[in-house]
Amino acid sequence: METVSIAERFRDKTILITGATGFLGKLLVEKILRVQPEVRKLYLLVRAPDAIAAEERVLTEVVGKGLFDVLREQYGAGFNSFIKEKIYALPGDVMHENFGLESYEVLQLSQKVDIIVNGAATTNFMERYDVALATNVAGVMHLCQFAKQCDNLKMVLHVSTAYVAGEQAGQLLEKPFQIGRALRLDYQLDIEAELQLVDSIKSELRIKCSSDDKLEKTTMRKLGLKRATHFGWPNTYVLTKAMGEMLFQQLGQDLPVVIVRPSMITSTFQEPMPGWIEETRTIDVIFVAYNDQTLPCFIFDGSVIFDLIPGDMVINAMMAAINSQWNKRAQVIYHVTSAHQNPLPLSLIEESMFRYFDINPRTSKDGKAIKNKRPLAFKRLAYFQAYMILRYKLPLEMMRAANVLLGGIYTKNYNKLNRDYNILMTVAKLFAPYVFFKGWFDDTNLRKLWKAMAMDQNDDASIFNFDPKCINWSSYLVNTHIPAAIKYANDQKAKARSA
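When you number the sequence shown by UniProt numbering, it's gap-free, plus one each residue, and the end is 499.
Check before you lean on any hint, since a few could be wrong.
Claimed, not checked - Subject to a maximum C-alpha distance of 20 Å in a straight line, what follows is the list of computed EDC-like cross-link-like pairs (lysine to aspartate or glutamate):
no. : residue 1 : residue 2
1   : LYS112    : ASP151
2   : LYS487    : ASP151
3   : LYS65     : GLU278
4   : LYS226    : GLU192
5   : LYS84     : GLU97
6   : LYS495    : GLU61
7   : LYS217    : GLU204
Stated by the list, open to error - FRET-style restraints, in silico, Cβ to Cβ:
no. : residue 1 : residue 2 : range
8   : ASP190    : LYS493    : 39 to 47 Å
9   : ASN124    : ILE305    : 22 to 30 Å
10  : GLU38     : GLN457    : 15 to 23 Å
11  : SER462    : LEU390    : 48 to 56 Å
12  : ALA496    : GLU102    : 20 to 28 Å
13  : GLU38     : ASN124    : 52 to 60 Å
14  : SER303    : LEU417    : 29 to 37 Å
15  : LEU396    : LEU348    : 28 to 36 Å
In case anyone wonders, no lab produced these hints; they're calculated from the structure.
This structure is a prediction, so every number in the text was calculated from the model and none was measured.
Backbone N, C-alpha and C define an ideal beta-carbon position, used for all residues, glycine too.
Please work from the sequences and hints to get the whole structure.
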């Protein structure tokens with residue numbers, strides 16, 4: 001690693017960030033401004049019809065969040081002027097060539113940018129295939145095209161996911177994908193053909209059904225899952241993220257590229273405050289469902305190692321990687337993961353959840369404490385599905401038949417119960433590849449990065465901590481993460497009720 005400290009690396013630099021309104025994007029913006037207030041400018045590319053709307057989105061969805069309270073307190077009355085000086089909201093979208101910007105805007109931006117951080121992505125496992133391709137795949141094409149126009153570019157950092165590995169078992173290396181190679185043996189993945197397939201199917205739908213948006217949405221969602229399974233990935237999200245990496249390998253050969261692959265990202269571990277979270281993320285679905293008493297059973301294998309990583313550690317690793325690989329015309333991949341150095345078995349997650357609810361008991365409407373009851377656990381998805389059909393689906397069908405005979409008096413109740421059933425079945429199917437995951441992520445590059453940073457004679461190791469060995473999982477889950485996930489979900493419900 002060069003002797004320049006990480007914070008100093010960002011001094012007087014101009015940075016283009018895509019996906020700044022997302023969880024990691026917000027964390028990155030806040031961290032840069034907090035550790036290096038002398039950064040020249042952060043251009044935040046956000047979807048908006050014009051500059052005024054873009055600025056409003058940034059003020060509301062990024063710097064308006066509690067995440068920025070440390071900076072807000074530090075600058076006091078000068079906070080807004082500081083933000084205005086350092087951040088420029090750029091209306092655009094990675095889905096479009098040149099991000100949908102005017103040619104003069106592209107020229108001006110290309111002459112200024114030193115660093116590009118590509119965090120724009122759709123992370124929905126069941127996203128429409130056309131939308132996922134447009135953001136996670138075409139977005140990479142457009143970003144590479146723009147990057148090649150930048151005169152002073154020293155780094156492109158792309159945020160991917162460790163789970164581009166699909167459902168492979170064993171050691172999973174920090175190695176790039178070969179363009180066109182699917183996970184399914186002897187299958188070739190032609191990205192251009194996939195884009196054409198989507199266009200063709202959408203054209204056929206529009207000819208047959210004119211403007212049936214609901215049918216198009218359903219068709220595109222099913223197509224994404226079908227194509228993912230066909231090529232060996234468990235869902236649309238990881239398939240399209242893998243495609244994006246392939247395109248970086250093909251189109252970004254002459255660029256200084258770092259690809260960061262985090263595992264399951266959780267709330268902040270330490271900074272700017274412990275437990276900052278946004279959205280109900282991955283494992284949080286289980287905590288929230290149990291809190292809401294909507295988790296009668298689930299799939300579970302306590303011996304499986306779950307790979308979680310706090311969001312602030314991901315940001316710290318990203319900034320350290322930018323510094324380490326500064327202006328090197330090569331592509332380096334970092335698995336920002338925890339399981340290799342600090343394994344977390346699912347059994348400990350379960351115990352931590354029950355410990356949290358023992359300390360913070362749920363209450364019924366009349367104020368009485370609800371006794372903790374462990375949901376039934378199934379070590380195979382097929383067993384879970386069979387139980388759900390026998391225990392819930394068959395009675396639901398009997399209710400539906402009775403409802404017809406009795407003039408619809410059970411309609412509201414049936415619809416709610418059927419919706420809950422379908423949600424639980426869908427969540428279980430989507431989570432199965434992760435609940436039963438048999439792979440482990442090699443983190444050699446990440447450990448080398450940490451070792452080099454820890455040996456430097458500056459404060460980088462404390463300011464930019466991404467060492468997963470320092471996490472006490474039980475303490476973090478019980479005291480920080482689970483309460484943060486529950487609070488966020490409850491706040492969202494309260495907002496929905498008052499809307």
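Right, here's what the structure says about each hint:
1. LYS112 / ASP151: Judged against 20 Å, a Cα distance of about 8 Å means the pair holds.
2. LYS487 / ASP151: At roughly 46 Å apart (the allowed maximum being 20 Å), ASP151 and LYS487 break the hint.
3. LYS65 / GLU278: 10 Å, holds
4. LYS226 / GLU192: 17 Å, holds
5. LYS84 / GLU97: 27 Å, violated
6. LYS495 / GLU61: The given pair, whose Cα atoms are some 16 Å apart, holds under the 20 Å limit.
7. LYS217 / GLU204: 14 Å, holds
8. ASP190 / LYS493: 39 to 47 Å: Check passed, 44 Å falls within 39 to 47 Å.
9. ASN124 / ILE305: 22 to 30 Å: About 25 Å separates the Cβ atoms of ASN124 and ILE305, which means 22 to 30 Å holds.
10. GLU38 / GLN457: 15 to 23 Å: Check passed, 22 Å falls within 15 to 23 Å.
11. SER462 / LEU390: 48 to 56 Å: Holds - the Cβ-Cβ distance for SER462 and LEU390, about 55 Å, lies within 48 to 56 Å.
12. ALA496 / GLU102: 20 to 28 Å: Given range 20 to 28 Å: violated, Cβ gap about 39 Å.
13. GLU38 / ASN124: 52 to 60 Å: 37 Å, violated
14. SER303 / LEU417: 29 to 37 Å: 33 Å, holds
15. LEU396 / LEU348: 28 to 36 Å: 35 Å, holds
Checked against the numbered hints above, the structure violates hints 2, 5, 12 and 13; every other hint is satisfied.
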